[in-house]
Structure formats: structure tokens, C-alpha cells
Amino acid sequence: MPSQAILDVRTRGPGLYEFTQEAAHFVAQSGRDSGLLTLFVQHTSCSLLVQENADPDVRRDLVEFFGRLVPSLHSPSMQWVAHRTEGEDDMPAHIKAALTSVSLSIPVLDGRLALGQWQGIYLFEHRDGSHLRRVAAHVGP
Amino acid sequence: MPSQAILDVRTRGPGLYEFTQEAAHFVAQSGRDSGLLTLFVQHTSCSLLVQENADPDVRRDLVEFFGRLVPSLHSPSMQWVAHRTEGEDDMPAHIKAALTSVSLSIPVLDGRLALGQWQGIYLFEHRDGSHLRRVAAHVGP
Amino acid sequence: MPSQAILDVRTRGPGLYEFTQEAAHFVAQSGRDSGLLTLFVQHTSCSLLVQENADPDVRRDLVEFFGRLVPSLHSPSMQWVAHRTEGEDDMPAHIKAALTSVSLSIPVLDGRLALGQWQGIYLFEHRDGSHLRRVAAHVGP
Numbered sequence: 001m002p003s004q005a006i007l008d009v010r011t012r013g014p015g016l017y018e019f020t021q022e023a024a025h026f027v028a029q030s031g032r033d034s035g036l037l038t039l040f041v042q043h044t045s046c047s048l049l050v051q052e053n054a055d056p057d058v059r060r061d062l063v064e065f066f067g068r069l070v071p072s073l074h075s076p077s078m079q080w081v082a083h084r085t086e087g088e089d090d091m092p093a094h095i096k097a098a099l100t101s102v103s104l105s106i107p108v109l110d111g112r113l114a115l116g117q118w119q120g121i122y123l124f125e126h127r128d129g130s131h132l133r134r135v136a137a138h139v140g141p
Numbered sequence: 001m002p003s004q005a006i007l008d009v010r011t012r013g014p015g016l017y018e019f020t021q022e023a024a025h026f027v028a029q030s031g032r033d034s035g036l037l038t039l040f041v042q043h044t045s046c047s048l049l050v051q052e053n054a055d056p057d058v059r060r061d062l063v064e065f066f067g068r069l070v071p072s073l074h075s076p077s078m079q080w081v082a083h084r085t086e087g088e089d090d091m092p093a094h095i096k097a098a099l100t101s102v103s104l105s106i107p108v109l110d111g112r113l114a115l116g117q118w119q120g121i122y123l124f125e126h127r128d129g130s131h132l133r134r135v136a137a138h139v140g141p
Numbered sequence: 001m002p003s004q005a006i007l008d009v010r011t012r013g014p015g016l017y018e019f020t021q022e023a024a025h026f027v028a029q030s031g032r033d034s035g036l037l038t039l040f041v042q043h044t045s046c047s048l049l050v051q052e053n054a055d056p057d058v059r060r061d062l063v064e065f066f067g068r069l070v071p072s073l074h075s076p077s078m079q080w081v082a083h084r085t086e087g088e089d090d091m092p093a094h095i096k097a098a099l100t101s102v103s104l105s106i107p108v109l110d111g112r113l114a115l116g117q118w119q120g121i122y123l124f125e126h127r128d129g130s131h132l133r134r135v136a137a138h139v140g141p
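Residue numbers (our numbering), protein chains in the order written: chain G, 1 to 141; chain H, 1 to 141; chain V, 1 to 141.
A few of these clues could be false.
Coverage of chain H stretches by chain V, computed from C-beta distances (three or more under 8 Å per stretch; other residues unrestricted) [stated by the list, open to error]:
1) 27-33
2) 95-109
3) 126-140
Some, not all, of what chain H presents toward chain V, calculated at C-beta under 8 Å [stated by the list, open to error]:
4) Gln4
5) Thr38
6) Phe40
7) Gln42
8) His43
9) Thr44
10) Gly87
11) Met91
12) Leu113
Beyond 12 Å from chain V on every Cβ pair, some chain G residues (computed) [what the hints assert, rightly or not]:
13) Asp57
14) Asp61
15) Leu73
16) His83
17) Glu88
18) Gln117
19) Ile121
By construction, these hints were calculated from the structure, which means they are not laboratory data.
Ideal Cβ positions, reconstructed from N, Cα and C, are used throughout, including at glycine.
Use the sequences and the hints to build the structure in full.
Here it is as C-alpha cells:
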């Protein structure tokens, strides 16, 4: 039998929100010594990212890069966008989600997530405002 | 024992082709109440995407964005490209595939795919012309 | 019981380093006729890619595209970057990793990886210099 749960991540505007601890706790509770953790985000305007958990500038620079590659609909370079009914930040958020990941899988070795030394697990929020984001988590053999 | 199948998706030029129903049907046939669906596309010039299934403008805008980020080899900004033997649309298609996903994993909870309310599963076609695309599907514990 | 291993990939600067054979060998050793291979790279400045293994120009063009989209910190267009302590190539490498994949899952059908005819598995190195990269591999049911 797999172990399954919904992990909640609260966000307050664009940024990387770490939930490595919550994921590790879910894996520990499954009691598996070896297995595979899969995370799936149930939204289309945020995404999942494994990135460096050392220098916080890395996370700020990632947010800045994506904001420059896919600017808000106010930008002259985005006047071609048709989907405008859900706000200036919505269609850029869908595009940023398409450029990153909706699901991630990480092996569990010797009872621990096989993350590298500097890797953390993040919810990458692309929208303004406050959101409660849901991540479906699964640990299987 | 896992359940496995090849799902066929027919495409007619760049766009997002939904196959959520086919994936859900495959999961239902597996008889699993809890598990993990993995999809893997067996091509390098199209990809997989989970995106909004409400406003069709979202899909059109996604195609438009990727077409602007990675234009056809006719474009002056793409004169550096070396791989030109398979047509004007081939190397841009490989790049768009690299920017999106070759595989996706979605938990199965209570016999159903754990998709969010507005999420659909799409084959993202990056090439012109008509293609029959194959997606390897796997449901495991 | 899943089969698990760490696969080593040695790199010498930006490029796509194929390790399809090593992954296939690991799957063969697992003895599974049907299952799922998952690969997870334990670094944040390189990534995983399934791409065309026919014309080597495709790999060179992919590297060139990502180098143009995310140039070195010497470039005038990258003066906004804050994270500069680990070298001119480090923050661009984190961004390129975010735009591609940290994990991949490929079904095993009839004892073989369900790769398409022209698909190879690559470690996409984004940093200069020589590196020993580690990929956690998992085969489960």
C-alpha cells in the first residue's frame, strides 16, 4: 500500500516557498526504508522546483529571471496575450508553470530523501496575492 | 503487477491536445484505488503538459508564447541553428520539448487521478503537419 | 523491493552527456520485466533531459539556445543578478536547471526502457569546468 497525503503550502506573492521538512516528515511517517516520493501540484499557476537552499539570492534571482522572461500583461511585449479576464498576473503565471514542473519524483534511500547536500524542495508561486496551494504526495515502493 | 499501455494522440500542428479522459480510463481499467500514474512521451519534438482546461485562450497563449520564445528557423534571430535537415520547425520543436516535460506523474487517490479542479492533461505538439504521438502509461502502487 | 543505485556522470563543461546505457544496465540488473525507472539528479546547476540521439547538432543547438536565453554574468543583460559569489557561470546554471528537469520517469515494458526510437537519456551540464555528477536511480513496480 502506498502512503498518500495532501500537503498545504501558503504563499504571499511570487517566490520560492520551501517545504522540504513537510515532505521529509511525510516520508518518515510512511515507514519506508526504500521507495519513491512523488509530489504533484494541483494548480496551473504555480509549480514545483528543487533548487539551492544555501544563498537566498539564488531564489530571488530565479524569481527575477522568470519575471523578466514572462513579464506582467502591463508590459508592451505582452500585448498579444488573449487570456486577460483573471488579472495581469494570471496568464504569465500559466506560462511560468509550463516552463517549470507540475510533478517531481525523489528516491527514498535508507529511510531518507535522496536530496543532494544543497537541494531543497520548493513551491514556486507565480501569482500575486495570497494563496493556499495543495500538493498531492505519494510514497510507493 | 503494474498496468501498462501505449496511449495514442493524433495531432495536426502546434497546439495542446487534451487526453485526460484516455488517461483516466486507463487508470480506471487498472482497478487501483490508490497508486501513481506516470506518463512518458516517446518523442523529442512534442511534450507533456498539465494546464488549465477552462478558457481555451490559455492554450492558444501558451502556444503563442513558445512560438515567440523559439521562432521558426526563418526568423533572423535563429540563424545560428545548425540542425536544419529535418525542416524549419524541427529544431525549434526540440528546444520547446526541452523547456517543458517528457514525463509526468500524478497520484491516484480513492480511485481517481488527483488532478486539481481546472487541470487537464495535454500533449503539447511543437511540429507542423500531422503526427501520431505515442505516450507510454504506467500505473503502479 | 525496489532496486536503487547512484549513477555517476563525469562532465567537462556545458553539454549533453548521454548515460542511456548505464540506465539500461541498471534496469536490466533489477530483473524487472515491467516497472518504472525514475532518475533524480542530486545537483542544482545541471539537469536531466531526454533528447534526440541521432544528429549531434541537435545537442549543440540545445546548449547554444540555453546559453543565449541565459547568458553568462558578463553579459550586459544579466547585470541585475545578485548571486555572484560562485562564479560567472553559477547563477545561469541554476536558471537553466529550473527551466529543464531534476527528475524523469520512464516505464519499463517487456524488460526494456520504453524509450522512443530516437530518444537518449542525457545529463545536461550547465557549468564550466569538470564535475562528477550523481544521479539517484530507482526501479519500482
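For this session: Identify every previously stated hint that the structure contradicts and give their numbers, smallest first.
Result: Hint check: 1, 10, 12, 13, 14, 18 and 19 fail, others pass.
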